[in-house]
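Student: Chain by chain, the residues run as shown.
Number of protein chains: 2
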Amino acid sequence: MHRIIFIAIAIISLASSESSKAQNKQPNIIIILTDDQGSVDMNCYGASDLHTPNMDALAASGVQFNQFYVAAPVCSPSRASLLTGQNPHKAGLPGNASSKEGHSGMPGEKITIAELLKDEGYQTAHIGKWHIGYTPETMPLGQGFDYSFGHMGGCIDNYSHFFYWNGPNRHDLWENGQEVWHDGEYFGDLMASKADDYIKSHKDKPFFMYYAINMPHYPLQPKGKWREHYKNMPMPRRDYAAFISTIDEYIGQLMHTLTEEGLRENTIVILQSDHGHSNETRTFGGGGSAGPYRGSKFSLFEGGIRVPSIISYPDKIKSQQHREQMAFNIDWLPTIADYCGIKTLPDGIEGKSLRKVIHKNSTSEHQQFIWKSGGSWAIRQGDWKLLGYPQDNSGKGKLNPDEDLLFLANIVRDNTEMTNLAEQYPDKTEELKAAYLKWEFANVDDIPKKRKTIQHKAVGRKIELSTRAHTKYKGHGASTLNDGKTGTRFYNDGNWLGFEGNDAEAIIDFGESIVFNEVSVGVMNNIEAWIFAPEYIEISWSANGKNYSTPIKQTVEQTNTNNNFSTRIIQIKQEDINTRFLKVKVKNIGICPDWHNGKGGPAWLFIDEIIVN
Amino acid sequence: MHRIIFIAIAIISLASSESSKAQNKQPNIIIILTDDQGSVDMNCYGASDLHTPNMDALAASGVQFNQFYVAAPVCSPSRASLLTGQNPHKAGLPGNASSKEGHSGMPGEKITIAELLKDEGYQTAHIGKWHIGYTPETMPLGQGFDYSFGHMGGCIDNYSHFFYWNGPNRHDLWENGQEVWHDGEYFGDLMASKADDYIKSHKDKPFFMYYAINMPHYPLQPKGKWREHYKNMPMPRRDYAAFISTIDEYIGQLMHTLTEEGLRENTIVILQSDHGHSNETRTFGGGGSAGPYRGSKFSLFEGGIRVPSIISYPDKIKSQQHREQMAFNIDWLPTIADYCGIKTLPDGIEGKSLRKVIHKNSTSEHQQFIWKSGGSWAIRQGDWKLLGYPQDNSGKGKLNPDEDLLFLANIVRDNTEMTNLAEQYPDKTEELKAAYLKWEFANVDDIPKKRKTIQHKAVGRKIELSTRAHTKYKGHGASTLNDGKTGTRFYNDGNWLGFEGNDAEAIIDFGESIVFNEVSVGVMNNIEAWIFAPEYIEISWSANGKNYSTPIKQTVEQTNTNNNFSTRIIQIKQEDINTRFLKVKVKNIGICPDWHNGKGGPAWLFIDEIIVN
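Going line by line, the protein sequences match chains D and R.
So the first sequence is numbered by UniProt numbering: it starts at 1 and just counts up by one.
So the second sequence is numbered by UniProt numbering: it starts at 1 and just counts up by one.
This is chain D alone, in the form it adopts within the complex (with noise of 0.2 Å):
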């Protein structure tokens, strides 16, 4: 009887391993995405100071990409990127989604990796940071996720989960759509400890993780262990290479959790940064590192879109493996479904299968590949790269904003991007310039006007404001207005004069009288950064300085579009004034408009050249 019962055992033991074994053919997949950990803080992509053995160790695993990058410098779009195999545009989510409760994100009905792999039978789960919508159909469970724990908003204090830096500072952790609470438990413990959980209790079917770990990102608050361990780095390195290995130490216990499961072989691990390193304040400034490369997280230049990023698949992908070829974070979507057999991609996928990359180290996936952010664009064609309206607040190098609106690199020749090659290769600038302009979310705005000396009447004029620029953007006093030059797409460019909430009044003495019959000014729109058309432009002139003549008005059309970017000219025709004071009043709309995030708070108001003709 006993014998008899022990076969019935084993027996049915062999039973579910074989059902196990069968049902696990098509692989696991795990994406880890670290949260602002810059280009070059891994070991294995040439940090010295950083101790980061377990993603070096999964690196030499499988595939290590050189030229990797993300479809964003900013945190949401660059996630609503990598889960749709489409660019933010597409996926609709271009700027970062807001971190209150109840405001949206990315649209409920785009395709998530998740769901792709759901109607596969796959099982999946989210496990970290979200941030790309806090409703309950842009949360994950409402974009294919059967598992979810994390937080929804952009960042949380590490023990408490709460949100901290604008108030009424409010609790942030939820577990399947339901808020939760562990007091105390340090985010990045309580994020392997469910991945782990999750892990163990899912392997008899196939699975996909997507494991968002929040860090590097601020609040600093790496573990006291590791603290310890760089204490002697100077701040902010010091807490940002902490940081470092807190998560290093995470991806350790991954991996070995699925080594002691037995699913290293069969499991699909992939590992990227969301973007580059941040130089924020509330990060201290910096700590992360882009190497070479100019540029940090919001910038296109590849500081802020060159990322680590690994795969690694012991059963089907060799070890020791680099490449060199372009390839993004787009790219994983369709990667992963050619790994698990999915014939069918949704619509509209813009991203390419890395498999033969992978494999057979064929050429790059993509010729071309376009990046819209903020004001600032760019193209990449081959070797080159081509930035329209470039930003660098990685302070490596300036910016000439008469000569670096376009700039050209060729990022094989030379990837540091220090050198504008744009007037040395006109015909490749135009080129590039132009399959630009042929992406679907390009426009004709986009392409910067080469700033030159505009001649004109006031050039050179005694000018005075007689309202106050903010201290932060008053150029070099009013004569920024007329010294011929026009501002560039950005407004911190040093050509633009910025008012917070108040008009911008000028008045210009031409020492003499003279003839003219247009005043222009250059306005912009930047919605993101609370900056809007003014209400109205409004000039009038006077002999003496001090009898001025009614006022003509010209009226500015609002837009009333989020995301909206746009510099225009306003003009003002009068016949043959002759006079010698004009006054020139821009009326800032006050405060941001009810549709605003900003609603009520005080808008900007950005004017660049007034040019007399």
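If you're looking for bench data, these hints aren't it; they were derived computationally from the structure.
There may be inaccurate statements among the hints.
Identical copies look the same in the list; a pair holds intra-copy or inter-copy alike.
[What the hints assert, rightly or not] No farther apart than 25 Å at their CA atoms in a straight line, the calculated lysine-lysine pairs in the DSS-like style are these:
id, residue 1, residue 2
1, K546, K573
2, K485, K472
3, K194, K225
4, K231, K100
5, K205, K25
6, K433, K194
7, K472, K100
8, K457, K553
9, K553, K583
10, K583, K573
11, K546, K462
Please read these numbers as outputs of a predicted model, since none were measured by experiment.
Take the given structure of chain D and dock chain R to it, following the hints.
Tutor: Quick look at chain R alone, frame taken from chain D:
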């Protein structure tokens, strides 16, 4: 041999015990200070929805004061006054201290209770919140404490111990002047455990412990157990209530430790809140209760300054006592000194020993008390209380800017302060006003000018603003400026127009040519609120509303004292102007000056009536 050893040990032990008893004749002293706890937020003070058995037991074990005041309705000055026995102005800290390391607070030379008792051989400990200085000489070890554990700024996340609401987010946890890390450990538990340890290891000599519990101050992070207990209560009371019960439990723990250690009878335990409850955004707009009283934190109505306060000292003070006499937080220093037999107090102590009130139920030691905070002041004299420029953010009642600039109440007859008796008792009003003016920190400017309808030539005329007032401070539009009524001392009274960073410009159309000789504009200084007097005022006039005269300018003298508060009327005289249109321009200084906390940020300009005569 064994017997001999035994006896020797017994003798040593006895000697030690004797010596301990001898040293311990003086009582131990513990002051428990809670943070933003509302006037009646304790069962024994009338709350019926809160669970506060330990606070109630403490009250029952000694004396419960039912008319107990703090010397300031704001955190830092209230703490400074408690610790020095002086009003906050005398203590050198009339407003809040900075939460940034390196900023000082209450001057190091001020004598605290800790310093007083240390000189008497006491061991002295600070546990919890500090917030009265963040430099070595103004931190606890610089102010007489042998031991200190807690945070130096205004508030922290209770799990990460990060100050979080303006970046970069920084860690703020200190032990004996050294930064310490207790990642994830609930600050309440940490404090409680430090308090326990301190008592157990310092019981052989008398000790003074200042136990400043940082609750229920935001961020609202009560213990999960109490969150659960109150889960059916509406927010924000729910989290606030849970926080109060969290405190209550710690008080229970402390009392238990005292009892266990045999110290309960000979320990003076004082409990009070630092001021009334908060209505700030960061605490979800409220949660606390002032019961019958109007006002809250920041207000000098009873709800801002009347707090629960208890003293328990089983060895000497009878249980089950209530005292209705007026008493103050500055009384604790002399009261403690009295119980400790300290005859000589530091110079300038304004508090009085409450010993006779406690033991003999004698009349209040105070016939008079004076508060001054922000732009408000108040004087309590006998049963009467007069407030100058009262403020009330609690929403319980309105204040009429014409009638309520001086607000008289008889606290004994009606402590709700809902009826202003100033007009009914003009002699009493005058008496208290005169008494206030005798105070060394009073200023003639503090006396409200009775708002009355000012007859002047601009009243009711057509007026237009050509710059925009901030949406929060736009009064009833441009006509606020010529309604014949001046603003009160409060920028938010609806009678001031506020301009954030920008200038004010108004044009009055008299409808006909009129003659006038002077134009005056009311302006405000409120440095703490980033409100500055203008750079200058300028008038120009016009017969036709188009051509204006050469402007006449009056520059305005600036002050650069912090905590400065004043309103002024700036006048421009010009003989016999005969015109129809008057343009008045008031020039904002634009940005906060270098010496100011808001350095570089937009300066506010507030103006009230434009008086034309």
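Student: Each hint should be assessed against the structure and marked as holding or not.
Tutor: For each hint, the structure was consulted:
With identical chains, the CA atoms of K546 and K573 are at most 25 Å apart both within one copy (23 Å) and between copies (20 Å). Proximity of K485 to K472 under the C-alpha cut-off of 25 Å is restricted to the intra-copy arrangement: shortest distance 19 Å within a copy versus 37 Å between copies. In this assembly of identical chains, the alpha carbons of K194 and K225 lie at most 25 Å apart whether taken from the same copy (21 Å) or from different copies (23 Å). Proximity of K231 and K100 under a CA criterion of 25 Å is satisfied inter-copy only: 22 Å between copies versus 35 Å inside one chain copy.
For the identical chains of this complex, K205 and K25 are intra-copy neighbours only, at 9 Å inside a copy versus 73 Å across copies, given an alpha-carbon limit of 25 Å. In the homo-oligomer, the alpha carbons of K433 and K194 never lie at most 25 Å apart, since the shortest distance is 47 Å inside one protomer and 66 Å across protomers. When the C-alpha separation of K472 and K100 is checked against a cutoff of 25 Å, the pair qualifies only between copies, where the shortest distance is 23 Å, while the shortest distance within a copy is 29 Å. With identical chains, the CA atoms of K457 and K553 are at most 25 Å apart within one copy only, with a shortest distance of 20 Å there and 31 Å across copies.
With identical chains, the CA atoms of K553 and K583 are at most 25 Å apart both within one copy (12 Å) and between copies (19 Å). For the homomeric pair K583 and K573, the shortest alpha-carbon distance inside one copy (14 Å) is at most 25 Å, but the shortest distance between copies (27 Å) is not. In this assembly of identical chains, the alpha carbons of K546 and K462 lie at most 25 Å apart whether taken from the same copy (16 Å) or from different copies (23 Å).
Comparing the model with each numbered hint stated earlier shows that hint 6 is the single one that does not hold.
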